[in-house]
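> Fit chain B with the ligand to the supplied structure of chain A, relying on the hints for placement.
Here's the letter readout for the chains.
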Amino acid sequence: MTSTSDRTAESTAGLPRFPMPRARGCPFDPSPVLRELQRETPLARVELWDGSTPWLVTRYADQRALLADPRVSAEMAHPDYPRQAPGIGSLGFIGLDDPEHARQRRMVGAAFTVKKVEAMRPAVQRIIDEAVDALLAGPRPVDLVQAFALPVPSLVICDLLDVPYRDHGFFQRSTRTLVHRGSTGEQRAEALGALAEYLGRLLAAKLDDPADDLLSGLSARVQAGELTHRQATEMAVLLLVAGHETTANMIALSTLLLLRHPDQLALLRDSADPTVVTRAVEELLRLLNITHGGRRRFATADIEVAGQVVRAGEGLVMPNDIANRDPAAFPDPDRLDITRDARHHIAFGFGVHQCLGQPLARLELELVYRTLFRRLPGLRLATDFEQVPFKHDGFVYGVYELPVTW
Amino acid sequence: MKITVDEDKCCGAGSCVLTAPDVFDQRDEDGVVLLLDPEPAEHLHAAVRDAANVCPAAAITLDGGA
Ligand code: HEM
Chain A
1 MTSTSDRTAE
11 STAGLPRFPM
21 PRARGCPFDP
31 SPVLRELQRE
41 TPLARVELWD
51 GSTPWLVTRY
61 ADQRALLADP
71 RVSAEMAHPD
81 YPRQAPGIGS
91 LGFIGLDDPE
101 HARQRRMVGA
111 AFTVKKVEAM
121 RPAVQRIIDE
131 AVDALLAGPR
141 PVDLVQAFAL
151 PVPSLVICDL
161 LDVPYRDHGF
171 FQRSTRTLVH
181 RGSTGEQRAE
191 ALGALAEYLG
201 RLLAAKLDDP
211 ADDLLSGLSA
221 RVQAGELTHR
231 QATEMAVLLL
241 VAGHETTANM
251 IALSTLLLLR
261 HPDQLALLRD
271 SADPTVVTRA
281 VEELLRLLNI
291 THGGRRRFAT
301 ADIEVAGQVV
311 RAGEGLVMPN
321 DIANRDPAAF
331 PDPDRLDITR
341 DARHHIAFGF
351 GVHQCLGQPL
361 ARLELELVYR
371 TLFRRLPGLR
381 LATDFEQVPF
391 KHDGFVYGVY
401 ELPVTW
Chain B
1 MKITVDEDKC
11 CGAGSCVLTA
21 PDVFDQRDED
31 GVVLLLDPEP
41 AEHLHAAVRD
51 AANVCPAAAI
61 TLDGGA
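Top line first, the protein sequences correspond to chains A and B.
For the first sequence, position 187 matches number 187 in the UniProt record's numbering, and the numbering has no gaps at all.
For the second sequence, position 56 matches number 56 in the UniProt record's numbering, and the numbering has no gaps at all.
Among the hints, a few may not be true.
[Said to hold, decoys possible] Going by beta-carbon spacing under 10 Å, a handful of chain A positions derived as facing chain B:
#	residue
1	Ile94
2	Asp98
3	Met107
4	Lys115
5	Ala123
6	Phe348
7	Leu356
[Said to hold, decoys possible] Estimated spans, in silico, between C-beta atoms of each pair:
#	chain 1	residue 1	chain 2	residue 2	range
8	A	Val309	B	Lys2	33 to 39 Å
9	A	Tyr165	B	Pro21	28 to 34 Å
10	B	Glu7	A	Asp334	36 to 42 Å
11	B	Lys2	A	Arg140	57 to 63 Å
12	B	Glu29	A	Gly51	26 to 32 Å
13	A	Thr405	B	Glu29	34 to 40 Å
14	B	Pro21	A	Thr383	42 to 48 Å
15	A	Pro139	B	Asp37	53 to 59 Å
16	B	Pro21	A	Glu130	41 to 47 Å
[Said to hold, decoys possible] Short, incomplete list of chain A residues facing chain B, as computed with Cβ under 10 Å:
#	residue
17	Arg71
18	Gly109
19	Thr339
20	Gly349
21	Gln358
Source of the hints: derived by calculation from the structure; they are not laboratory data.
Ideal Cβ placement from N, Cα and C applies to all residues, glycine included.
Okay, chain A solo, but in the shape it has when bound (with noise of 0.2 Å):
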């Protein structure tokens, strides 16, 4: 049995509400009540903030299990499906399950291939040198996020889409109104509505003017009669949204963790062995798990999890940051420890909705690692610790701002 002694935790039915807040000062890990539930009560009732209860998954065995099973939906727009939040009906793939999450999947898998994204290396380490450069070249204090963590992966699937960079106010603007908790539904599909209306407008032109990327290739789908104009428009807002908001998160949020581990960052920095920063990528993902919101599915057959059913039509919550910190699947899980082996880690998610950019953010992050921490071995947070103000009310975790310097 969950109890929490903190009533406006509750819900007028006495059950947890989800997501719950983080411990004070402890801005790293994943909050207490969770940990609470992983011992206690893997399969837990909650309220989301629509009312609705689905069954929360919190061990990592079972979250796997339940991820790969064929009876577990995806399916965004369905009733049972247990929302994020209001405003968003439909993002493409990622809300809909086989086979046509596969085939249209399998439509822009070419682009992620671990070749492909390897042959990518050398634009994205220019992308990153370029952007120490101006580091190097501007003042100080900065601010890590703005210039640095969002710039460049939203250069790189810029390339990747051929957007145009110059519309990156726009774009990081919607997109951070899409992910914030405090957005209304309305605010939502608006963002969302122009983001569809911007990116539909550069398909159209694809069509007459194609060129080897990612937007020409699904422009090049529609007039193919394989996808409608409004679905390849979805997949391009997914792609474009996916591709800088979580590794930008990703890239700021680590970076301040290296910055309060000295010890693990000196050994990242100073390595020649090149599986040291490979490795340092896999466990800082599994430790900071920036989707912090859980896999949402529902049932669509009676499911037994952790000795009891889940019945069909339930909804399902599954925090990926609380099963990366099971015990049973990671030793002295809250230890960063960048030497583990940490890479069967589900902060990708699990099944087949697991992260298609996912060679893509890991060269990234590599690339990243090895040359920020080299080129700026002085790098030091510029403000205290805990004045750093944390996304704890965004669907991707991470820093508002990070002001470094060097």
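Then chain B with the ligand, alone, in the frame of chain A:
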């Protein structure tokens, strides 16, 4: 060890290629898994087991020696 892959299940996440690049690759056109070596040498078995474990879509099956 004998490996089989299920192309229909594969979601092209690429984890197997990162984990055991001598055994798995991806089709250029859509990222779906390509099995390079269905009966890999002994020294690759540990990596293959890791690859099957991290496959998000349970598309890799191991028979014998698994
Ligand atoms: C550190 C960076 C990133 C993290 C932590 C991350 C995390 C995730 C997670 C957890 C999911 C699963 C959603 C679910 O199961 O409901 C996902 C899906 C997705 N991600 Fe990422 N992501 C990152 C970077 C990227 C990048 C760079 C792209 C490139 C465009 C991208 C594109 C996508 C797409 C298209 C999906 C939907 C896949 C599907 O439904 O089949 N992500 N991501």
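> To test your reading of the hints: which numbers does this structure violate?
Violated hints: 1, 5, 12, 13, 16, 17, 19; rest satisfied.
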